[in-house]
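K.L.:
So that you can map any letter, position 229 of the sequence shown is 229 in the UniProt record's numbering, and since no number is skipped, the others follow by simple counting.
Derived by calculation from the structure, the hints in this document are not laboratory data. Hints may be right or wrong, so weigh each one.
Said to hold, decoys possible - Simulated crosslink set (EDC-like; lysine to aspartate or glutamate; CA at most 16 Å straight-line):
| # | residue 1 | residue 2 |
| --- | --- | --- |
| 1 | K216 | E290 |
| 2 | K96 | E84 |
| 3 | K278 | E204 |
| 4 | K182 | E151 |
| 5 | K48 | E12 |
| 6 | K121 | E160 |
| 7 | K98 | E84 |
| 8 | K121 | E146 |
| 9 | K182 | E204 |
Unchecked claim - Label-pair distances were calculated between CB atoms; the ranges are:
| # | residue 1 | residue 2 | range |
| --- | --- | --- | --- |
| 10 | E76 | E208 | 34 to 44 Å |
| 11 | S153 | N219 | 16 to 26 Å |
| 12 | E311 | Q16 | 53 to 63 Å |
| 13 | V198 | M97 | 20 to 30 Å |
| 14 | T260 | N109 | 45 to 55 Å |
Note that the Cβ used here is the ideal one computed from N, Cα and C, for glycine as well.
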Amino acid sequence: QMWEEAIALGKELAEQYENEMFDYEQLSELLRKQAQFYENIVKVIRPKPDYFAVGYYGQGFPTFIRNKVFIYRGKEYERREDFEARLLTQFPNAEKMKTTSPPGDDIKNSSGQYIQCFTVKPKLDLPSKFHRPVSEQIVSFYRVNEVQRFEYSRPVRKGEKNPDNEFANMWIERTIYVTAYKLPGILRWFEVVSVFMVEISPLENAIETMQLTNDKINNMVQQHLNDPNLPINPLSMLLNGIVDPAVMGGFTNYEKAFFTEKYMHEHPEDHDKIEKLKDLIAWQIPFLAEGIRIHGEKVTEALRPFHERMEACFKQLKDKVEKQYGVRTVPSSLDDRRGSRPRSIVRSFTMPSSSRPLSVASVSSISSDSTPSRPGSDGFVLEPLLPKKMHSRSQDKLDKDDLDKDKKEKKKEKRNSKHQEIFDKEFKSTDISLQQSEAVILSETISPLRPQRPKSQVINVMSSERRFSVSPSPPSSQVTPPPITPRAKLSFSMQSSLELNGMSSSDIPDVPPPLPLKGSMADYGNLMESQDLISPTTSPPAHQRVSP
Numbered sequence: 001q002m003w004e005e006a007i008a009l010g011k012e013l014a015e016q017y018e019n020e021m022f023d024y025e026q027l028s029e030l031l032r033k034q035a036q037f038y039e040n041i042v043k044v045i046r047p048k049p050d051y052f053a054v055g056y057y058g059q060g061f062p063t064f065i066r067n068k069v070f071i072y073r074g075k076e077y078e079r080r081e082d083f084e085a086r087l088l089t090q091f092p093n094a095e096k097m098k099t100t101s102p103p104g105d106d107i108k109n110s111s112g113q114y115i116q117c118f119t120v121k122p123k124l125d126l127p128s129k130f131h132r133p134v135s136e137q138i139v140s141f142y143r144v145n146e147v148q149r150f151e152y153s154r155p156v157r158k159g160e161k162n163p164d165n166e167f168a169n170m171w172i173e174r175t176i177y178v179t180a181y182k183l184p185g186i187l188r189w190f191e192v193v194s195v196f197m198v199e200i201s202p203l204e205n206a207i208e209t210m211q212l213t214n215d216k217i218n219n220m221v222q223q224h225l226n227d228p229n230l231p232i233n234p235l236s237m238l239l240n241g242i243v244d245p246a247v248m249g250g251f252t253n254y255e256k257a258f259f260t261e262k263y264m265h266e267h268p269e270d271h272d273k274i275e276k277l278k279d280l281i282a283w284q285i286p287f288l289a290e291g292i293r294i295h296g297e298k299v300t301e302a303l304r305p306f307h308e309r310m311e312a313c314f315k316q317l318k319d320k321v322e323k324q325y326g327v328r329t330v331p332s333s334l335d336d337r338r339g340s341r342p343r344s345i346v347r348s349f350t351m352p353s354s355s356r357p358l359s360v361a362s363v364s365s366i367s368s369d370s371t372p373s374r375p376g377s378d379g380f381v382l383e384p385l386l387p388k389k390m391h392s393r394s395q396d397k398l399d400k401d402d403l404d405k406d407k408k409e410k411k412k413e414k415r416n417s418k419h420q421e422i423f424d425k426e427f428k429s430t431d432i433s434l435q436q437s438e439a440v441i442l443s444e445t446i447s448p449l450r451p452q453r454p455k456s457q458v459i460n461v462m463s464s465e466r467r468f469s470v471s472p473s474p475p476s477s478q479v480t481p482p483p484i485t486p487r488a489k490l491s492f493s494m495q496s497s498l499e500l501n502g503m504s505s506s507d508i509p510d511v512p513p514p515l516p517l518k519g520s521m522a523d524y525g526n527l528m529e530s531q532d533l534i535s536p537t538t539s540p541p542a543h544q545r546v547s548p
């Protein structure tokens, strides 16, 4: 479960796969593993092993461990008693020492075997990359891993014993052990290379204890915020032990010991430390308030009286602390509320115009040797399709329809230009959603409703096409192709169709024949099926004829 180490090795492998071997398949598999490791770091709770200091004293031990101290890393959930039993099985003749103080020369020079074992606490040594506060779930790994310094604290009383307050003369004798290498390493135990001892004054011990208590409350609150399914019992015991004065006495003992005129007069150099202790006491109130709020949300009906008593005790404590030491407020960890576009709007902008679904009108206008007037406008300007009985209309009726189409197209062009300006400026979500939905709906609903030509008309068209292909065509000088405009209108006028098939405007009969065949396909209903064969950038020549 040392995923942090696996990630470091994975980054080395990723560099080889990406820049040396170019094995992208292995790289993708490796990156997926790394993503799972990062998720495990945040979500999975890992057990914290204990560390034990073991001293081998006496001439009866082998030379490589004789009169030396080692730091061992215990197994998961292994207690000190279990570790000692496992250790003594290797040395059945050894005697276990009862004290934790260093032995004298008589024991070191004796011929027997003496083993001293006690629990030590690893000192956190955060990597330099954590230059700002990070989640406790991330830091918890470094509290018991990649550690090289360990400490053992032993209480020592100095001066006269005070029966009313034991904290006034409670000194701490702290021994620091430094190993040869960081634990865990290639072994689960390493030799201690240096040992030194420091003394902690009662006031410094009180400051350290208050800091640890605040950190413990804050960490447990964060765990319950991240995982609402955690059991409530540890939180109940922690809060009740601090809030209820009948349980542990709280920080009242510190007030009696250090916040008196007598202590201030005898120790004027501790003024800054006393102010720091008062600040820590004041900061404990907002942490407790958040913890009690979470406890009230998760408490069961059976524990409701217990919670109400705890709330009453906390109210008294809060009033007292805020009156004496001031009010502290924890800044809310709200997310950054900077405005951002919705995901759907972003997707609609990043979608290229070439990949948008085109309508029948858009495909036909592109394939008729004309390009859209604006990039991306092929999805917006959609001319209406021809009615079912267009083939039997007169030329006057067609011209009248063309005039109506011109007016509608001008209105659409005006509206689309307005949309394009908004599109170029700020990508307004309302206009874009309207345009995008308009293009998609038209392209999906118009194309399937295109009526197929009856079989009788298909036969007439094929016969008329055969007649046009064999008829003599007029000289090319008399035929004038229609001018190419920047944007071709979707107009199925018979004049342009006959000119393309080799007949001039003077040869037009009173009743127009059916429309010629556009290609090898039989009718217009197959136009959407064959649109993949039509290139949007290249269109067929205007005068190319289709052989029967």
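K.L.:
Given the hinted pair K182 and E204, is their alpha-carbon gap at most 16 Å?
P.N.:
The hint is violated at about 28 Å.
K.L.:
For S153 and N219, compare the CB-CB distance with the range 16 to 26 Å and indicate the outcome.
P.N.:
holds, 21 Å
K.L.:
With a cut-off of 16 Å on the C-alpha distance, tell me whether K216 and E290 pass.
P.N.:
holds, 13 Å
K.L.:
When you check the alpha-carbon spacing of K278 and E204, does it fall within 16 Å?
P.N.:
Roughly 13 Å between the alpha carbons, so the hint for K278 and E204 holds.
K.L.:
Taking the CB of T260 and the CB of N109, does the distance hold inside 45 to 55 Å?
P.N.:
holds, 50 Å
K.L.:
Look at the Cβ atoms of E311 and Q16 and judge whether their distance stays inside 53 to 63 Å.
P.N.:
holds, 59 Å
K.L.:
Do the Cβ positions of E76 and E208 conform to the proposed distance bound of 34 to 44 Å?
P.N.:
With a Cβ separation near 28 Å, E76 and E208 fall outside 34 to 44 Å, so the hint is violated.
K.L.:
Quickly compare the C-alpha distance for K121 and E160 to 16 Å and report which way the hint goes.
P.N.:
violated, 30 Å
K.L.:
Please verify whether K98 and E84 have alpha carbons no more than 16 Å apart.
P.N.:
holds, 13 Å
K.L.:
Between the alpha carbons of K121 and E146, is the straight-line distance 16 Å or under?
P.N.:
The given pair, whose Cα atoms are some 13 Å apart, holds under the 16 Å limit.
K.L.:
When you check the alpha-carbon spacing of K182 and E151, does it fall within 16 Å?
P.N.:
holds, 15 Å
K.L.:
Taking 20 to 30 Å as the hint, is the beta-carbon distance of V198 and M97 inside that range?
P.N.:
holds, 23 Å
When each numbered hint is compared with the structure, violations occur for hints 5, 6, 9 and 10.
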